[in-house]
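Participant: From first to last, the protein sequence lines are chains F and L. With the working numbering applied, the first sequence covers -12 to 349. With the working numbering applied, the second sequence covers -12 to 349.
Heads up, a few of these hints could be off.
Where chains are identical, the list cannot tell them apart; a pair therefore holds if satisfied intra-copy or between any two copies.
Stated by the list, open to error - With a Cα cut of at most 20 Å, we get these calculated PhoX-like pairs of lysine-lysine:
#1 Lys33 <-> Lys302
#2 Lys(-11) <-> Lys10
#3 Lys112 <-> Lys302
#4 Lys112 <-> Lys33
#5 Lys220 <-> Lys94
#6 Lys(-11) <-> Lys343
#7 Lys349 <-> Lys204
#8 Lys346 <-> Lys302
#9 Lys204 <-> Lys101
If you are wondering where the hints come from, they were derived from the structure by calculation, not from laboratory data.
There are 2 protein chains.
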Amino acid sequence: MKYDRVYNFSAGPSMLPLSVLEKASAEMMNYNGSGMSITEMSHRSKTYDAVICNAVDAVRRVMNVPENYSILFLQGGASGQFAGVPMNLMTGSNSADFVVTGQFSGKAAEEAKKYGTANIAATSKPANFTYIPAQEDLVLSPDADYVHICYNNTIYGSKWNYIPETGNVPLVADMSSCIMSEPVDVSRFGLIYAGAQKNLAPAGVTVVIVRNDLMGKAMPITPAVLDYSIQAKNNSMYNTPPCFPIYMIGLVLEYIEAEGGLEAMKERNEAKAKLLYDFIDASEMFSNPVRPDCRSVMNATFVTGNAELDDRFCKEAAAAGLVSVKGHRSVGGMRASIYNAMPREGVEALVSFMEKFEKNNK
Amino acid sequence: MKYDRVYNFSAGPSMLPLSVLEKASAEMMNYNGSGMSITEMSHRSKTYDAVICNAVDAVRRVMNVPENYSILFLQGGASGQFAGVPMNLMTGSNSADFVVTGQFSGKAAEEAKKYGTANIAATSKPANFTYIPAQEDLVLSPDADYVHICYNNTIYGSKWNYIPETGNVPLVADMSSCIMSEPVDVSRFGLIYAGAQKNLAPAGVTVVIVRNDLMGKAMPITPAVLDYSIQAKNNSMYNTPPCFPIYMIGLVLEYIEAEGGLEAMKERNEAKAKLLYDFIDASEMFSNPVRPDCRSVMNATFVTGNAELDDRFCKEAAAAGLVSVKGHRSVGGMRASIYNAMPREGVEALVSFMEKFEKNNK
């Protein structure tokens, strides 16, 4: 492959479109005739202001974000938002409902307990997180400040196949591992946040899309850099923003738009996932534990049922240029993260490697 | 100049060594034979682990950081630490002493009030921040949890010319705009923090150097991502770190070591600053308001005394390839930030431009 690149199935940070990397590389010493790198530029300069405004506009356009939502670029990752969301939003009844469908949604609930009451509205933990609870199984409090879900579970490879109805209570979703993978009706959510390092940009920027009426009520202990209202008033530049990843968001979204936008991403991603899941379902060696209607399109987990064989699979795959297919350290097995930037050819190469591996290890 | 680059006097983000940018550019599609970009790599991979460990080791080596200090790479900038420091450290008497010598040290005190009592130990505000208070003028409380200073004031162009004696009370310093510009006796400080975007790396990573005995006492409301103890236990990877800026820290420190380390930086920086201040002091048009013994080596401010002329100066300088010399929007005038990466030639070019400008505008 060009530049001797591999197919990189890492769950995040993860593959970026090659054309984006090439552009970043070419502009590294001199961005757009400015005489300096994007990494060297004052964030208060006109040139950088155009870069960040372009990235905000592109998020709005590509995700079709309604005008009554603000788009923020913050720091600290989704883990930072596990604290940021309650500090900003848990200020009415000082309680929120959490649907726990994996490790990160559990961590979000734990972190929120520092700031108020975190009710567990439902959890699939007893079933090892192999499914997403149904609407009728969610125990929601009408006076909760918000309901929190993790829309795609990176570690367990599951995904919400519906947007829960929460009445007047704002729905908050961690979309770190599925943002920009398909169209989403943003108006159904009060707040969406996502660490960018999976489908959107290098690590170091967190996208927060927040309905304007939810801002301005932050707890007095909220650090200014995590206060949505302060950051919104300052176009995410209350303090120096993570300039390079924001610039990369602009480039990645330019790529997504050129490729046909989120409808095209969805079609492509579902086709890639189908290829892999179909093979797994037909295989006698590999299996996927997630209930089929809850399977993630972005992160496909699979096991052989034999830890030693799993290990050999990961090593031989890496040697064949199929890298980072090891499952999360907390669950073992394998995981192929097949975000937007993973070409179909990468999934084909993985499936054909799995085929050979199965034959060779009968 | 190569790549049509300009001399960029921005206060931050600011110039980086060209060789560092060239290396980052060359490795952007394939880092060190890994088949992927540093921006695409799992932070849990062996390859990335070597990158972050190398950066930590380099900070320790270059700054001569004693073994009883931890080196953390966090997110949220120095502004994030304005909250992070009190949440981690203000847990004894729940009060701290602040020496206010400019805008950022003032902001640090304001933010700390969210978490406890912020005593103003001294301030040079009545003198428009043109000097640093003397040791004997600091009103320090023996039971304060720490004393906070901003070691170099980017906006006003002043710098501490001594390390204050604080007895048993830990000294905390914001070194955002002077870290790595000269050797510093780290053992005199309880904690040093710095946004990297001035002298160390692109924006998006904050270096925290903290004495180990000061960790482990964070307030229960501290977000996990800002909890020093949690991050130290996880080698700054409790959550996904800002991988690219951390990689760049490694490259910048490699450059600094190759150039002779902090002793060489100090010598070079002082010579550059002398060139500029000597010219200003001899000039009839330009003046610098800071008390000579408190002048910053990194950020030299100057004015003509005529706002219109200042404005023309900035515009004509930019046209001549001397960019971002406009003073901070809160103070006006001019400011030349001459960090490590600004070559002597850049300062010479600025001085000779100032000379011409003065002649032409008599």
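Participant: All hints are to be evaluated individually against the structure, with a verdict given for each.
Facilitator: How the hints compare with the structure:
1. Lys33 <-> Lys302: Cα proximity of Lys33 and Lys302: across copies only (14 Å, versus 49 Å in one copy).
2. Lys(-11) <-> Lys10: both (15 Å within a copy, 19 Å between copies)
3. Lys112 <-> Lys302: neither (30 Å within a copy, 62 Å between copies)
4. Lys112 <-> Lys33: Neither: 50 Å inside a chain and 31 Å across chains, both beyond 20 Å.
5. Lys220 <-> Lys94: Classified as between: cross-chain Cα gap 17 Å, same-chain 29 Å, threshold 20 Å.
6. Lys(-11) <-> Lys343: For Lys(-11) and Lys343, the Cα distance exceeds 20 Å both inside one copy (25 Å) and across copies (51 Å).
7. Lys349 <-> Lys204: neither (61 Å within a copy, 55 Å between copies)
8. Lys346 <-> Lys302: Within one copy, since 17 Å is at most 20 Å while 70 Å is not.
9. Lys204 <-> Lys101: Result: close both inside a copy and across copies, 17 Å intra and 15 Å inter.
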